[in-house]
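There are 2 protein chains.
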Amino acid sequence: MIVSSGIRKIASKDKMRIAGLMSGTSVDGVDVAVVDITKQKANLLAFDVFPYPNALRSEILRLCRPETALLDNICHYNFVLGEVFAKAIIKLCNKSRIPLDSIDLVGSHGQTIYHNPRGKRYGKTTIRSTLQIGEPSVIAHRTGITTVADFRPRDMAAGGEGAPLVPYADYILFGRNRSSRAIQNIGGIANVTFLPRFCKQDDIVAFDIGPGNMVIDGITRLISGNIRRFDSGGKMAAQGTVNKRLLNEMLRHPFLKRRPPKSTGREEFGISFANKIYKQAEEKGLADTDIVATVTAFTAKSIARAYSKFLPTIPDEIILCGGGSRNNTLVEMLRCELPDAKMCSTDDFGISVDAKEAVSFAILAWATIKGLTNNVPGVTGADWPVVMGKIIPA
Amino acid sequence: MIVSSGIRKIASKDKMRIAGLMSGTSVDGVDVAVVDITKQKANLLAFDVFPYPNALRSEILRLCRPETALLDNICHYNFVLGEVFAKAIIKLCNKSRIPLDSIDLVGSHGQTIYHNPRGKRYGKTTIRSTLQIGEPSVIAHRTGITTVADFRPRDMAAGGEGAPLVPYADYILFGRNRSSRAIQNIGGIANVTFLPRFCKQDDIVAFDIGPGNMVIDGITRLISGNIRRFDSGGKMAAQGTVNKRLLNEMLRHPFLKRRPPKSTGREEFGISFANKIYKQAEEKGLADTDIVATVTAFTAKSIARAYSKFLPTIPDEIILCGGGSRNNTLVEMLRCELPDAKMCSTDDFGISVDAKEAVSFAILAWATIKGLTNNVPGVTGADWPVVMGKIIPA
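Taken in order, these protein sequences are the chains called Y and E. Heads up, the final residue of the first sequence is numbered 402 in our numbering, and it's a clean run with no missing numbers. Heads up, the final residue of the second sequence is numbered 402 in our numbering, and it's a clean run with no missing numbers.
The following block holds chain Y by itself, in its conformation from the complex (with noise of 0.2 Å):
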């Protein structure tokens, strides 16, 4: 019985070496966290993210969209995934001198490639599906370590969207705490998980509030003629001043209004809405700066106004992370906005802002071994809190 006491001897620990894998929509790269968890608390050891070669990005891509995505490459490229992950957790570990074999636990989240939590009629009854590659057996094999994997498929069988996944893992790191707290995400897009104080799982609030850095991002690409692809530091928008004009403008985009559980993306804030933007500042004659400004301003606002109008409470903390948290003009206008909260990140926890996403995994694969519920019912629509994830014996 190696593998069923292997499982249990892992679950029964009181310490747990977990390693993270996130894989974002961007088709980036795979980020790799190492964290040790004990007692419900994380502490990072060692992170990174290991960038795909091109060809490799170019692949993926053409799989994430029904016109090319090839079964054949389908499943070449679940396996090739498989083993990049893999290699991306022992060279980090032996970048950071962590002996593989301290490792109890691998959670990955794996590539989307498709997701529809709409779902598609089949007789009388909704499908919803998904499909996460980078093959766990493949994980576990190369590596010898579990490997939880596969989370989103067991909370749309139960009735959810399979999205977010992040809050349980918030409420892990920041919840059950005597203050409120928003965990304030701000990637592309901005979403927010609110812990009200003392909170149990089933008070969780959690959803996407509108652009995070997409618009910055995509106006500062526009003005720089695609030189710059972020505003580094907030440092153009410091220089300019907000056009309340266009930002009132822009604070009636409909998304921002509709009330939660929502979700958004590239469709609502993508390249098409920053040139929508650009052309309308180019009218009123504003300087570029002034517009990097006004669409930082439009970050800040909308992440103030969702927080009024769709939190139980403006919250005691604000633990910001992801990549809007380096950028000091938006939390300061945050600041601003929200004067009554105190303001940190998840660098004050000991988790880079950056590795958030993939210490989550790590949390989400713990809750996995240990047999807890780690979807949020509340959030993703399910009819009752279930364990995801698909466990692959080392």
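Check before you lean on any hint, since a few could be wrong.
In this list, chains with the same sequence are indistinguishable; a pair is considered to hold if it fits within one copy or across any two.
Unchecked claim - With a straight-line cut-off of 30 Å between C-alpha atoms, the simulated DSSO-like cross-links for lysine-lysine are:
no., residue 1, residue 2
1, K378, K95
2, K47, K17
3, K99, K128
4, K208, K49
5, K208, K17
6, K132, K99
7, K17, K49
8, K49, K243
9, K132, K17
10, K292, K95
What the hints contain is simulated information worked out from the structure, not anything from laboratory work.
Dock chain E against chain Y, hints included.
Positioned in the frame of chain Y, the structure of chain E alone reads:
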């Protein structure tokens, strides 16, 4: 610690009740067997085949061809088949008055839509890949039963071909005996698992012999103008006379001479082979019954020759399974070819010849949850023994 203790609880049971599911390359439907496994002996409680509706079958067949397989449909039907599999288990239990909650575990092979054991280059490495659909998260969720699925990827990660998987189950069910045994499956293809006396897992020999029923069925269809799909009970063959010249020509087929490990399928012994034989037989002026008798003898002779060429010894016992074991003429011919072997069928061990494949996946899941390595490296070509399967907690 609900799950880990759940898995431990299942794994520690002396008697485990398992539902095994198999859906073969013919895409006819799903076989479900419920077995009690005690001390490595299986007792079949219930079995049934649940045919796919025609429309579903057509859709799945479209998924099996890279030219017609669309990403959104792959994902959709992965979840659809999960629902179909779960319903089949529930129906069988209701019909057989087996309480669903008395079942400890589900073992599901899934429906193969892609399998590339030779692999494809990625950089300097050869990447093998495979894909079985029938989402096990859906099975686990709908039935409330911990599910083991997706066996092939791990053997392929270990350098194996991910096939065949059944020899391990043959070993558990019929091995460790004072007699040497051949488990002779006669499906479309005839394949054998040879278990020497007191055999260990390393001693297992298994390979595809050549055609089982495939050529007999093909000829019967041609003769009857597609009215008869197979020679029921071998009645047509019994009325004919074997044509030795045609038989000897067929026995020159190069696949029969190749040394194991080897596997074959419709490519070599499908409808175009049957057409060729039918034409040759007509040229020789053979009566319809003589043609059927001759191709039946072809299967019997192929098996007997493979035994004397490729098995360490002629087995003491031959245990038949698969549809061909109901072809009395074929079985009689085999008896004449191998007079020294005791001939019986899995029926004599309480496992109906049709249920054997589904039972095998119950055995494989049993091993996964027990933590026992359940591939046979000598047969799949894997570098070492591994525990195949992904565990989805109930």
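Do the hints match the structure? See the list:
1. K378 x K95: Both, since 26 Å and 29 Å are each at most 30 Å.
2. K47 x K17: both (16 Å within a copy, 25 Å between copies)
3. K99 x K128: Close across copies (24 Å), not inside one copy (41 Å); limit 30 Å.
4. K208 x K49: within (16 Å within a copy, 47 Å between copies)
5. K208 x K17: Answer is both; intra-copy 28 Å and inter-copy 28 Å each pass.
6. K132 x K99: between (49 Å within a copy, 18 Å between copies)
7. K17 x K49: This pair counts as both: shortest intra-copy Cα distance 20 Å, inter-copy 28 Å.
8. K49 x K243: neither (35 Å within a copy, 72 Å between copies)
9. K132 x K17: Neither: 44 Å inside a chain and 37 Å across chains, both beyond 30 Å.
10. K292 x K95: neither (51 Å within a copy, 62 Å between copies)
Checked against the numbered hints above, the structure breaks hints 8, 9, 10 and satisfies the rest.
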